[in-house]
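Using the hints, position chains G and F against chain C.
Residue numbers (our numbering), protein chains in the order written: chain C, 1 to 194; chain G, 195 to 427; chain F, 428 to 606.
There's no promise every hint is true.
[What the hints assert, rightly or not] Computed cross-link-like contacts, PhoX-like style, restricted to lysine-lysine with a CA-CA straight-line distance of at most 20 Å: (1) K430(F) / K254(G); (2) K254(G) / K473(F); (3) K533(F) / K499(F); (4) K541(F) / K499(F); (5) K430(F) / K473(F).
[Said to hold, decoys possible] Far from chain C, some chain G residues (derived; all Cβ distances over 12 Å): (6) I197; (7) C244; (8) T316.
Since the hints were made in silico from the structure, they are not lab data.
In this text, all values refer to a predicted model and were calculated from it rather than measured experimentally.
Backbone N, C-alpha and C fix where the C-beta goes; we use that ideal spot for every residue, glycine too.
Take a look at the letters that make up each chain.
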Amino acid sequence: MLFNIISISLGAILINNFIFSQFLGCCPFLGCSNKTDTAFGMGVAVIFVMGMASAICWLIDTYILVPLGLAFLETLAFILIIAALVQLVEMFLKKSVPALYSALGIYLPLITTNCAVLGVVLLNVQNHYNFIESVVYGITGGIGFLLAIVLFASVRERVQFAEYPECFEGFPICLVSAALVALAFMGFSGMQIF
Amino acid sequence: MNIKKQFKEGLITNNPVLVQQIGMCATMAITTSLFNGLGMGLSVLIILTCCNVVVSMIRKIIPEEIRLAIFVVVIAGFVTIVDLLLQAFIPALSSALGVFIPLIVVNCIIIGRAEAFCQKNTVGASFFDGIFQGLGYTCVLLVMSIVREFLGKGTFGGGLIDVANGFHFTLDGSGAGIKIFSGEYGATILTMPFGGFLTLGVLIAVMQYALKKSAKKKELAAKAAEEEKEVEE
Amino acid sequence: MNKIFKLTVVLFLICAIVSAVLGAVNEVTKGPIEIRQREKTEKAYKAVLPYADAFTEVDPSRFSTYKATIDKISTADNGAGHVVETTFSGAQGSITMAVGVDSDGKCSGISIIKHSETSGLGEVAASSSERGVSFRKSFIGKDESITIGDIDAITGATITSKAVTGAVATAIEAVKALG
Chain C
1 MLFNIISISL
11 GAILINNFIF
21 SQFLGCCPFL
31 GCSNKTDTAF
41 GMGVAVIFVM
51 GMASAICWLI
61 DTYILVPLGL
71 AFLETLAFIL
81 IIAALVQLVE
91 MFLKKSVPAL
101 YSALGIYLPL
111 ITTNCAVLGV
121 VLLNVQNHYN
131 FIESVVYGIT
141 GGIGFLLAIV
151 LFASVRERVQ
161 FAEYPECFEG
171 FPICLVSAAL
181 VALAFMGFSG
191 MQIF
Chain G
195 MNIKKQFKEG
205 LITNNPVLVQ
215 QIGMCATMAI
225 TTSLFNGLGM
235 GLSVLIILTC
245 CNVVVSMIRK
255 IIPEEIRLAI
265 FVVVIAGFVT
275 IVDLLLQAFI
285 PALSSALGVF
295 IPLIVVNCII
305 IGRAEAFCQK
315 NTVGASFFDG
325 IFQGLGYTCV
335 LLVMSIVREF
345 LGKGTFGGGL
355 IDVANGFHFT
365 LDGSGAGIKI
375 FSGEYGATIL
385 TMPFGGFLTL
395 GVLIAVMQYA
405 LKKSAKKKEL
415 AAKAAEEEKE
425 VEE
Chain F
428 MNKIFKLTVV
438 LFLICAIVSA
448 VLGAVNEVTK
458 GPIEIRQREK
468 TEKAYKAVLP
478 YADAFTEVDP
488 SRFSTYKATI
498 DKISTADNGA
508 GHVVETTFSG
518 AQGSITMAVG
528 VDSDGKCSGI
538 SIIKHSETSG
548 LGEVAASSSE
558 RGVSFRKSFI
568 GKDESITIGD
578 IDAITGATIT
588 SKAVTGAVAT
598 AIEAVKALG
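Chain C extracted, bound-state conformation:
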């Protein structure tokens, strides 16, 4: 069991990194990586929501949808749960942890349309993970996202001072640098765990 969890964690953080090998969560990844600080805030918010979403969606799927034979409603149910969850988290933080809210506040609504969150929940179902595995996969997937976005934000801060052809201005240069970071992450793909 412990080996299993370590293998899931390492897989989610490095080997099958959500962004660099599965392309989940690219929009916020490219949109919120201008500065290292904002990138970090976004990453932490994602870890939080991904962990919570994994837990709640697993419970609802296993104890409500599957027993009732409503597995075909999974996508619909999950996206509603995620949207509601993000709202709840936002309200909760605003009232009880204002410091954290002011740090994460603006990123929270964006997370609803982050495909990494819906992705992790769907992958939990597809891989037949149990409750603990799902939560671990959710949290470590978020950590992988955080790692990727912070690393990439630091790269981007440097790219600003680089010289490149005019037509690469803006998004293209960003994608090309992301490609190079992805190349670096490919080094993990050969890793064999247990």
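Just chains G and F now, kept in the frame of chain C:
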């Protein structure tokens, strides 16, 4: 309304991926063969058109405060329908695209068009908007898949075309494609995540170059016309 | 309060309509999806054990204590051998594979059902390309002592090749352990 203008917007000047820069996850993830690219593009086109029509139909009766929630429910509904139909009738496509079919729900293109266009426009205009925006998306996917497949594996039309027993289309994704050069000489890296980021980056750069050039041309032409006028005077 | 009540009702109604439509579509597609899945498994099984006709599943308790990677073992009714379904980790994630084991305890073919290997490298093992076919054919006739040296391993995909080899050996052992 102006269909021609909408057509141009969807395909070129306001292309969802190249200009609006949304919906990129799937664009980079699944464009490794023509079969995947075409399948994903058409799925999005169908879902986008249906959602656009429904959203603009109900735009007057839904309360402002919960419109986003309603859009999401409608989109999730259509996505699930397409997902189920694909599983039943084109299982190869369903297994090739995997989790990216349900993920169309959070594809910014669809919710973006619902919010930005269909809320304010008639059913007809929204219908054409869905088709043209969907086509714009499909075209980008096709270009990406053709480039990545050709340079990466040396084939054209992988999964979709088979030439082993004469030229024919394979709808079960089993075709090996037309072999242009041996796969050993292909830049395999282009079919990996690295290639996804790189190809899209270069494609957008080319697009920006072309748009800028045509803008300059127009400017020059306008200037020339002005000068001519001055000369005439 | 009245407003919130109204919004809830509207949202609920829309959810109900969408769910009803989905339920109807699900009724229509349920049959075909099941048939497709059964066909797919049957096709994969016949491909790895060519002389078999119909299959009966072996009671899981007979091998569940043996190896955790074995999902399912089915016996061919005409005694042609067994098909083992096994899930193990490859280079990028888990691989699900069907292994045919003939009545002499030799591998009669393998077929990769599901995988997430690197495109162009490990993915070749499952692909319909010439290279993939010759990789899978090289397992035919081997027994549980198989090592990576015995097969036509894929260059650049040593981990995938090794993982598949190991899983084939385990599958044959599991069938022999059934007795």
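A quick look at each hint next to the structure:
1. K430(F) / K254(G): Holds. K430(F) to K254(G) sits at ~17 Å (cutoff 20 Å).
2. K254(G) / K473(F): Violated: K254(G) and K473(F) sit about 57 Å apart, past 20 Å.
3. K533(F) / K499(F): With a Cα-Cα distance of about 18 Å, the restraint between K533(F) and K499(F) holds, given a limit of 20 Å.
4. K541(F) / K499(F): Holds, at roughly 15 Å.
5. K430(F) / K473(F): violated, 62 Å
6. I197: holds, 29 Å
7. C244: At about 15 Å from chain C, C244(G) clears the 12 Å cut-off, so the statement holds.
8. T316: The assertion about T316(G) holds, with a minimum of 26 Å to chain C.
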